[in-house]
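Using the sequences and the hints given, assemble the complete structure.
As a plain string of letters, each chain reads:
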Amino acid sequence: MSTVIAPEREFSPATTLSADAPAIELLGAAKRFRTPSGDIYTALHDFNLTVGRGEFVSIVGPTGCGKSTTLSLISGLAPPSAGEVRVMGEPVASIGTQLGYVFQGDVLFPWKSVIGNVSAGLRFRGMPKKEARERAREWIAKVGLSGFEDHYPHQLSGGMRKRTALAQSLITSPEIILMDEPFSALDVQTRTLMEDELLELWSSTSASVVFVTHDLEEAIALSDRVCVMTAGPGTVKGIYDIDLPRPRHVAEIRFDTRFVELYRDVWENLRDEVLLSYERAKSNG
Amino acid sequence: MASLVHATLDEGVATARAKVRRHRQLVITLRIAFAIVMLGSWEILSRTKIIDPFFFGRPSEIGHKIWVWATVGTPDGPLWDQVWITMEEALLGFAIGVGAGIIFGLALGRIRLLAEVLGPYIKAANSIPRVVLGSIFIIWLGLGLPSKVALAFVLVFFVVFFNAFQGVREVNEDVIANARILGASRTTVTTQVVLPSALTWIIASLHTSFGFALVGAVVGEFIGSIHGLGHLIAFAQGTFDTNGVFAAMFILAVIALAAEFLITTLENRLITWRPSRRDEVAL
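Quick note, the sequences are listed as chains W and P, same order.
The opening position of the first sequence corresponds to residue 1 in our numbering, with each subsequent residue numbered one higher.
The opening position of the second sequence corresponds to residue 1001 in our numbering, with each subsequent residue numbered one higher.
Rather than coming from a laboratory, the hints here were simulated on the basis of the structure.
Watch out, some of these pointers could steer you wrong.
Computed Cβ-Cβ distance ranges for the label pairs, DEER-style [said to hold, decoys possible]:
| id | chain 1 | residue 1 | chain 2 | residue 2 | range |
| --- | --- | --- | --- | --- | --- |
| 1 | P | T1188 | W | S203 | 27 to 35 Å |
| 2 | W | H154 | P | R1017 | 54 to 62 Å |
| 3 | W | S203 | P | K1019 | 35 to 43 Å |
| 4 | P | R1017 | W | V260 | 53 to 61 Å |
| 5 | P | T1208 | W | A251 | 52 to 60 Å |
| 6 | P | E1011 | W | E131 | 48 to 56 Å |
| 7 | P | T1188 | W | V188 | 51 to 59 Å |
| 8 | W | T257 | P | I1111 | 55 to 63 Å |
| 9 | W | A185 | P | R1022 | 40 to 48 Å |
| 10 | W | R32 | P | I1139 | 53 to 61 Å |
| 11 | P | S1127 | W | Q189 | 43 to 51 Å |
| 12 | W | A251 | P | G1119 | 31 to 39 Å |
| 13 | P | T1191 | W | A251 | 17 to 25 Å |
| 14 | P | S1127 | W | P36 | 41 to 49 Å |
Which chain W residues stay away from chain P? Per the calculated CB distances, all over 12 Å, these [as the list claims (entries may be wrong)]:
| id | residue |
| --- | --- |
| 15 | N48 |
| 16 | R53 |
| 17 | P91 |
| 18 | D187 |
| 19 | Q189 |
| 20 | K282 |
Quantities reported herein were computed from a predicted structural model and do not represent experimental measurements.
The beta-carbon is built from N, C-alpha and C at its ideal position, and this holds for glycine as well.
Next comes the structure, spelled out in C-alpha cells:
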C-alpha cells in the first residue's frame, strides 16, 4: 500500500478538517482494468491533482490517456486500484450524489420529456412532483428551452439535448461538477455558445468544475488551471495557471495575446504526448 | 409575395395528401382482389373436381360450417363456449407467462450472480421441445383448463423472459450511471430506468408470445380435452371433416389478428416517446 502513495501526502486524515479541505484530491491514484484477454491495462498511473473550492480545472490529453477515468474515480462510479480519492476531505466510498456529472454521450432518459428529465434528480431525491416540476421549469428557462418542456429527447437537436443534460445535472445545485467532453459532439458555433453559457451558469454558483476535453483551446478558454496528461498510462505531465481575466467570452478570448502565449506554452508540452499516442494508434491499427 | 408562396405550398400539401389517399385506396382494392382471386380459384378448382373436395374442402362449405356452428352449435356445444374456453386458457397462460417472464428477466438481468447460476438451467429448459410437455401436464393436471394454461405458460414464458433479459442487458450503462449520480437508489434504477428502457423489447415479444399462448392452448386441447377449439379440430380430423378443420383454423386466425391489433394499440399507448416513422410524410 505505502509504495503507491505519493510522497507529498504526509498529513494524516484525522487532521484534515472537511470544512476547509480542497474540493477534490487525487492522491497517487491509479486505475487498472483487466482486458477480456486477461491482460492488465493501466489507464491511470500515480495521478496527483488537487482542485480548490470554486475552481475550474480542465484535464487535457491525447485520446485514450485516461482522462475520463479520473472522473469516474472522483464520482465514485469506479474505485481506484491504488492511491486515494477525496471529495470535500472525505475519502470517496460510494457514488457521490452531491456532484453533477455531464456525460460525453447522450444519457437523457428517452422515455421522459424535457421537464421529466430535468426534474428527475429532484424526484429521485424525494421532492414532491409539483415542486420539482416548478424548479425544473426555472432551469429549462435558464438554459433557453422554454416552450420545449413536453418534447421528448428524440425531437430535439444535439445542442438542445446538451442544454437539457446541463439543466438535469445542475438542478441539484452540486458542489462539484464533472464534465466529460460534454460539447465534443456539437458543431463549432453551437459549441462556442454552450461554452459561454456554461461559464455564465457556473459564475452564479460556487461549484468546482473538472472539465475533461481533448481540445486545448476549449480548456484554456474556460479554466483557471489546465492539467496536461501523458499518453496512456495517464499521469500528470504539467499543470498551467490560466491568468486570463473573467468574465470571459469564449469566442473573443482566442484572439487575446495572453491566450495565444498560454496556448503555445501548453501545446509545447502536449504535442509530444499527442504524437506518441498517434504513433501507437498507427502501429496498433 | 409571401401569400403567393403560402398558396403554392398549401397546394403542394393538398396534392401530396390526395396522392397518399389514392395510394391507400389502391392498396385496399388490390388486397380485396387478391382474396377474391385466391378464394375464387380454390372454390372453382374444388367444384370442378380438379382438386379433391374431400381432402381440400371448399371456401363456401367452410363458411357454411362456421355459420352452422355459430347458429346451431358444434359437436361439443355452442361455438362461443368453445371459443371462450380456448381464449380463457390462452389468456391465463399469456398473463402468467408475461408476468413471470418480466420478473425473471429483470431479476436475472440486474443480479449478475443469479444469471450466472441459473443461466445454464434456463438454457437447458429452453432447449426442450416444449410442446411435448403438454403430455406431462395432462398427466399431472388432468384434461381440464389447468393443463392447457400450463402449456401456454411455458411457451410464453421463455419468449418474454429472453426478451426482458436482453432488454435489461441492452440498457445504456451511462444512463444508469447518470441516474445513480442524480440520486436514484438501486430499486429506483430498476423500476424507473431499467424497466422503461427494456419495455420496447418486452412489448416486441408480446406479438410473438400471444401467438404461442394460442398454440399452447390449442395443442393442449388437441392432446387431451373435452372441449375448446383444439378439441373441435381433433374431432373434425377424426371424422375426416376437412371443412371443419379449416373452419376452426379460420376462427383461430381471427382471434390471433384481433389480439395482434390490441397489442399494437397497447404498444403505441405505452411507448409514445419512441421516434415514430409516421411522423414523416413524404411530400
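Right, here's what the structure says about each hint:
{"no.": "1", "hint": "P:T1188 / W:S203: 27 to 35 Å", "in the structure": "33 Å, holds"}
{"no.": "2", "hint": "W:H154 / P:R1017: 54 to 62 Å", "in the structure": "25 Å, violated"}
{"no.": "3", "hint": "W:S203 / P:K1019: 35 to 43 Å", "in the structure": "55 Å, violated"}
{"no.": "4", "hint": "P:R1017 / W:V260: 53 to 61 Å", "in the structure": "58 Å, holds"}
{"no.": "5", "hint": "P:T1208 / W:A251: 52 to 60 Å", "in the structure": "55 Å, holds"}
{"no.": "6", "hint": "P:E1011 / W:E131: 48 to 56 Å", "in the structure": "50 Å, holds"}
{"no.": "7", "hint": "P:T1188 / W:V188: 51 to 59 Å", "in the structure": "38 Å, violated"}
{"no.": "8", "hint": "W:T257 / P:I1111: 55 to 63 Å", "in the structure": "59 Å, holds"}
{"no.": "9", "hint": "W:A185 / P:R1022: 40 to 48 Å", "in the structure": "42 Å, holds"}
{"no.": "10", "hint": "W:R32 / P:I1139: 53 to 61 Å", "in the structure": "57 Å, holds"}
{"no.": "11", "hint": "P:S1127 / W:Q189: 43 to 51 Å", "in the structure": "57 Å, violated"}
{"no.": "12", "hint": "W:A251 / P:G1119: 31 to 39 Å", "in the structure": "55 Å, violated"}
{"no.": "13", "hint": "P:T1191 / W:A251: 17 to 25 Å", "in the structure": "44 Å, violated"}
{"no.": "14", "hint": "P:S1127 / W:P36: 41 to 49 Å", "in the structure": "27 Å, violated"}
{"no.": "15", "hint": "N48", "in the structure": "24 Å, holds"}
{"no.": "16", "hint": "R53", "in the structure": "20 Å, holds"}
{"no.": "17", "hint": "P91", "in the structure": "18 Å, holds"}
{"no.": "18", "hint": "D187", "in the structure": "21 Å, holds"}
{"no.": "19", "hint": "Q189", "in the structure": "25 Å, holds"}
{"no.": "20", "hint": "K282", "in the structure": "29 Å, holds"}
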